[in-house]
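Quick note: the sequence shown uses the working numbering, first residue 148, plus one each step.
In case anyone wonders, no lab produced these hints; they're calculated from the structure.
C-beta: ideal position from N, C-alpha, C; glycine also.
Errors might be hidden in some of the hints.
[Said to hold, decoys possible] Simulated DEER-style distance windows between Cβ atoms:
id : residue 1 : residue 2 : range
1  : T152      : T238      : 33 to 41 Å
2  : G187      : D223      : 30 to 38 Å
3  : G199      : D231      : 29 to 37 Å
4  : D150      : A233      : 19 to 27 Å
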Amino acid sequence: MTDPTGELTFDGRAVPFRDGQTVGAALMAAGISSWRSTRGRGEPRGLFCGIGVCFDCLITVDDRRAQRACLTDACDGQVVHSDDPARPLPTGDAA
148 MTDPTGELTF
158 DGRAVPFRDG
168 QTVGAALMAA
178 GISSWRSTRG
188 RGEPRGLFCG
198 IGVCFDCLIT
208 VDDRRAQRAC
218 LTDACDGQVV
228 HSDDPARPLP
238 TGDAA
């Protein structure tokens with residue numbers, strides 16, 4: 148394996164990645180295979196299709212909710228959080 152080219156944080160944990168990896172690939176390479184749970188049963192989810200067809204790998208990246216980890220390029224300094232399906236998505240309405 149080549150040396151990491153950058154580092155992101157996932158739920159406060161440092162995760163190294165190589166140039167060209169997605170966030171999903173970096174998480175899997177770091178041994179993290181689940182980063183959200185289903186809304187109904189709370190079952191763990193992570194990569195499923197790995198090509199952007201499903202939505203099992205949703206994460207929050209730099210405060211942007213519902214991003215697909217398999218399609219999001221890993222970038223140095225990114226802040227990634229597991230997604231909470233019970234938390235409502237922002238509507239864009241200013242209070």
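Hint check:
Distance hint check: the CB atoms of T152 and T238 are about 37 Å apart, consistent with the given range 33 to 41 Å. For the hinted restraint 30 to 38 Å between G187 and D223, the CB-CB distance of approximately 36 Å keeps it satisfied. The beta-carbon spacing between G199 and D231, approximately 21 Å, falls outside the hinted interval of 29 to 37 Å. Taken as a hint, the range 19 to 27 Å is violated for the pair D150 and A233, whose Cβ atoms sit roughly 39 Å apart.
Comparing the model with each earlier hint shows violations of hints 3, 4; every other hint is respected.
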